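**Q** Two chains, two separate frames, one set of hints: put the complex together.
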Amino acid sequence: MTDTPIHELADAYLRGETTPTAVTEAYLARIARLDDRLGAYLTVTREQALRAAAASDARYRAGTPLGPLDGAPLAYKDVLCTRGVRTTCGSRILEGFVPPYDATAIERLGAAGAVMLGKGNMDEFAMGSSTEYSAFKPTRNPWDLARVPGGSSGGPAAAVAAGLAAGGLGTDTGGSIRQPAAFCGIVGLKPTYGRVSRYGLVAFGSSLDHIGPFARDVTDAALLLAAMAGADPRDATCVEAPVPDYAAALARGVRGLRLGVPDEYFIDGMDPEVERAVRDAVDVLRGLGATVERVSLPTTRHALATYYVIAPAEASSNLARYDGVKYGLRVAGAKDLIEMSSRTRAAGFGAEVKRRIMLGTYVLSAGYYEAYYGRAQKVRTLVRRDFEAAFGRVDLIVAPMTPNVAFKHGEKEDPLSMYLNDVFAVPADMTGLPAISVPCGFSAEGLPIGLQFIGKALDEPTLLRAAHAYEQATPWRTRRPSVPS
Amino acid sequence: MPDAERPPMISREDVLHVARLARLELSEPELEKMREQLNSILTYIDRLKELDVTGVEPTSHAVPMVNVMRDDVVVPCFPRDEMLANAPDRVGEFFRVPRIIED
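Chain order of the listed sequences is A and B.
Heads up, the first sequence is in numbering that gives the first Met the number 0, so the first residue is 0 and it goes up one at a time.
Heads up, the second sequence is in numbering that gives the first Met the number 0, so the first residue is 0 and it goes up one at a time.
Next comes chain B alone, as it looks inside the complex (with noise of 0.2 Å):
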């Protein structure tokens, strides 16, 4: 857990966790310079830690909305050939990828 007071030290590890869940590669220079400038970047943001939020609400959206709803009727959707033109693999009706299921 990170330690409130204490300014964010981003390792190595770090990065490469986050890279993973991002599920971006990053090259061996990328990764230092990626550490570097995030540990600057946090630094920066640090100053959140100023302000006491104590019993604020949270603010997720600019204009407060919820629920909009419309009516339930059927319309008319793209043309699936249209959806799939701009595919980088498929076959028929299918986007193709890599296998995912073992035999």
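Next up, chain A with everything else stripped away, as it sits in the complex (with noise of 0.2 Å):
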């Protein structure tokens, strides 16, 4: 039951061959045997999930379940708040932090009858893409140990894919939801920026921070998506559009779509069994009835420098309110505010951390505001007219997620080159544009290799829709890593 799909699981609990308790009960058991090579989760929420579970349980013997989700036990990354839960973030100075309210997305998935087994491991302040950052542990990637899962959220990702979750949630600032997934071989899905709101989602950039669904398959991550997005008077920045029905869209197929493959994203250095892999996934998609054209979005290579101005800058505002007053870390025997601040911070921020907020605070200072941070608002601009360009030719972009498989714990010291593996992840977050990683295959070595799919402003529909004809034509999902207890 642990490798079932949720909407599969929904349908066994209906027929009343298990229950949501049996479930929770497999998964939670799964989880004390496993996670202590995984890493995957910080804070494992046992006697909340069995609650949870057991009201599941009553309701689909009365005959009254709330939906598909209900008994679907997940993992959230630890950045969203969960009422009465630590969240920590990934970070020393969030360590003790228990938020008195729940996230909007999370609500919504508890309204919709979703079980949470706990929260999951992360780079601290969702900050780099192997989840070697954050302050308590390393999460491995369960196809090889040695390797990472992805970051930022690499627990969320990693829990799903070993079968320590159905599903989960993880935000995606940077990458940080689609690369982990396709370094372990699932479903992640970036909605477009506001489509579901980030009330109770700790900032850290805020005009490029989205929340979404990692899943086993796509018609799960269209269920999560469904029972999540919509307005939030909560939060301003939500978008008013209606929801559409994601899971009609699925069956819909790819024929008469015209996908565009983008030059830009086949660069001098790629792992050639990624370029192999995601070439014969277009082949897959044209041999289903799409159209499949070249496209160009210049600026692609500057989009990820445009980020490391704009994200850092974001963050070190967002990131001033740990200042030890408030909540969180304080180191005590400070002679003034300043001290207390200063001292708290170097305490309680790792490296990467404390790079970012560093860099953001250079690049908004007088003198430099201009050179960097407006400079990269405009450059900002030309990537988003790109992609308008493309699109006024094509329904969906469609390019690898990333430019290689999963790394070696370890093996990128140098933050520049940890950057680097993001280059074809952040337009998406840059423009807002829906997105999408499904598993298009693997390495000699056995590792996962991801599909990215980028779809046009609020056209999730159509996202899910070639992401599901996708993955229904081809075995990939099929194939689960088996972890060593």
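Just so you know, the hints here were simulated from the structure itself, not pulled from any lab data.
Quick caveat: nothing in here was measured; it's all calculated off a predicted structure.
Among the hints, erroneous ones may be present.
[Claimed, not checked] Restraint-style ranges between C-beta atoms, simulated for each label pair:
{"no.": "1", "chain 1": "B", "residue 1": "Ile99", "chain 2": "A", "residue 2": "Pro483", "range": "53 to 61 Å"}
{"no.": "2", "chain 1": "B", "residue 1": "Val72", "chain 2": "A", "residue 2": "Pro483", "range": "51 to 59 Å"}
{"no.": "3", "chain 1": "B", "residue 1": "Leu30", "chain 2": "A", "residue 2": "Val97", "range": "28 to 36 Å"}
{"no.": "4", "chain 1": "B", "residue 1": "Asp71", "chain 2": "A", "residue 2": "Ala240", "range": "38 to 46 Å"}
{"no.": "5", "chain 1": "A", "residue 1": "Pro243", "chain 2": "B", "residue 2": "Met82", "range": "31 to 39 Å"}
{"no.": "6", "chain 1": "B", "residue 1": "Glu92", "chain 2": "A", "residue 2": "Glu239", "range": "32 to 40 Å"}
{"no.": "7", "chain 1": "A", "residue 1": "Ala472", "chain 2": "B", "residue 2": "Ser26", "range": "38 to 46 Å"}
{"no.": "8", "chain 1": "B", "residue 1": "Val90", "chain 2": "A", "residue 2": "Pro241", "range": "48 to 56 Å"}
[As the list claims (entries may be wrong)] Output of the computed footprint for chain B on chain A, the stretches with three or more beta carbons under 8 Å from beta carbons of chain B:
{"no.": "9", "region": "235–242"}
{"no.": "10", "region": "253–263"}
{"no.": "11", "region": "368–381"}
Idealized CB from N, CA, C, for every residue including glycine.
**A** See the structure below:
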């Protein structure tokens, strides 16, 4: 039962073949047996999960289940606030923080009957691409424990891949849902900016942050998105547009869809196995009736540089709140307020977070603002125009998710080499466009490869439909890692 | 002012200045490493100067939106005790901090 997608679990509950409690217990047993090796969870909410599962059992017995997510055991990235359950953001500075409220996304999944298994590990404050920057422990890739699961949402991604959760939530500011989904061989969906409320998401880069699902298949991703999407008066950046029936869009196939393959997403130095798998996937889509053409996104090579101005700038501002006054860590013995904050932040933040705060403060500081931040915002417009031009000709972009498969722990010591891993991921964050990663094969060493689709704003139905058609035509989702216990 | 044609070069003094602005105490080894790493990242970011952005409007947000309004009605707020429960140091209903006003 721990390798069954959520939509099939719901069917099994309805038929009375199993119960939410039995499945939740099976997941908790697997977590107890395997998570010491994997490090996917920072907190396991066992008692809470069993209570939620029992309530779900009762609804199925009474014939009143809440819908397809009722009784679905999920892992939530530890950057999403959970009422009464500590939320650390992978940081020492929030080690003891217990939020007084739930994030809207989590509240809505709870209202749909989902069962929280626990809080997933992550790079500190979602800054990183390997989950090695968690202040507490690294997460390992279930396909090869010597390798990283990607990041920053590596914990929930690894949990879903390894059968330690049926689905999960991550966040994506510069690829942090889709890159770990690719590395772990699962589905990761970043919806359009504002499609899912960010209320209760601890802020990193406010113009770039997105919440989205991890899932075993595209159908589950559609169900999870449907439960979370829609306007929220507590997040003014949440879009008002009505939420379409994502699951109903899935079965329509790709016949007649126009797909664009961007030249700039096949670069020197990329892993030839990744390139071959992606080109083969494009052939599959063509075989299914899509038309494929080359498109150009000329500012791709500048998008990452733009991201590393804008995201740190926003982070330096958002993380100013960790001053040792209202919550989190405070270092004792300081003689004044500034010293208290400066020493608290020195002790509470890890090296990558400090780097980004410094970089962001620098590019916003007097004399440099226009040269860096001002220019980056203009280049962001150029990145957006590239996509607008491409979407004048095609319905979807199809491209590799990452230039390489999962790398080894400790392999990317230099910060810049870590950043370069997200070169194909950040444009969708910069533009707010919806994007998804689906498995499209394995390297010779047995490591998963991800295929990325990028859609027009709010056009998740077309995005999911193409991803679903590809998934159903290929065998990749049936292959699961076997984690040694 | 930065010279647009020259690769960036952050000095030790720059790092100390920015660290003060960011309220971040850096140890001596951290300081030098930070200087090297920031220079390497800024050298990469320098490629933004290749592009002509004359007359290009800045994008501050992925989805354009202005002035989201709601009705001016009173709604309950969080109980004070819950909001103070995470405070590292409190007195009654206040956050306590080191003295900032001289006697």
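**Q** The structure should be examined with respect to each hint, and the outcome stated for every one.
**A** Hints versus structure:
1. B/Ile99 to A/Pro483: 53 to 61 Å: holds, 56 Å
2. B/Val72 to A/Pro483: 51 to 59 Å: holds, 57 Å
3. B/Leu30 to A/Val97: 28 to 36 Å: Holds, since B/Leu30 and A/Val97 (Cβ atoms, about 35 Å apart) stay within the stated range.
4. B/Asp71 to A/Ala240: 38 to 46 Å: With a Cβ separation near 25 Å, B/Asp71 and A/Ala240 fall outside 38 to 46 Å, so the hint is violated.
5. A/Pro243 to B/Met82: 31 to 39 Å: holds, 38 Å
6. B/Glu92 to A/Glu239: 32 to 40 Å: holds, 37 Å
7. A/Ala472 to B/Ser26: 38 to 46 Å: 55 Å Cβ-Cβ, so the 38 to 46 Å window is violated.
8. B/Val90 to A/Pro241: 48 to 56 Å: holds, 49 Å
9. 235–242: Holds: 3 residues of the region 235–242 of chain A have a Cβ under 8 Å from chain B.
10. 253–263: Result for this restraint: violated, n = 0.
11. 368–381: holds (count 11)
Checked against the numbered hints given earlier, this structure breaks hints 4, 7, 10; the rest are met.
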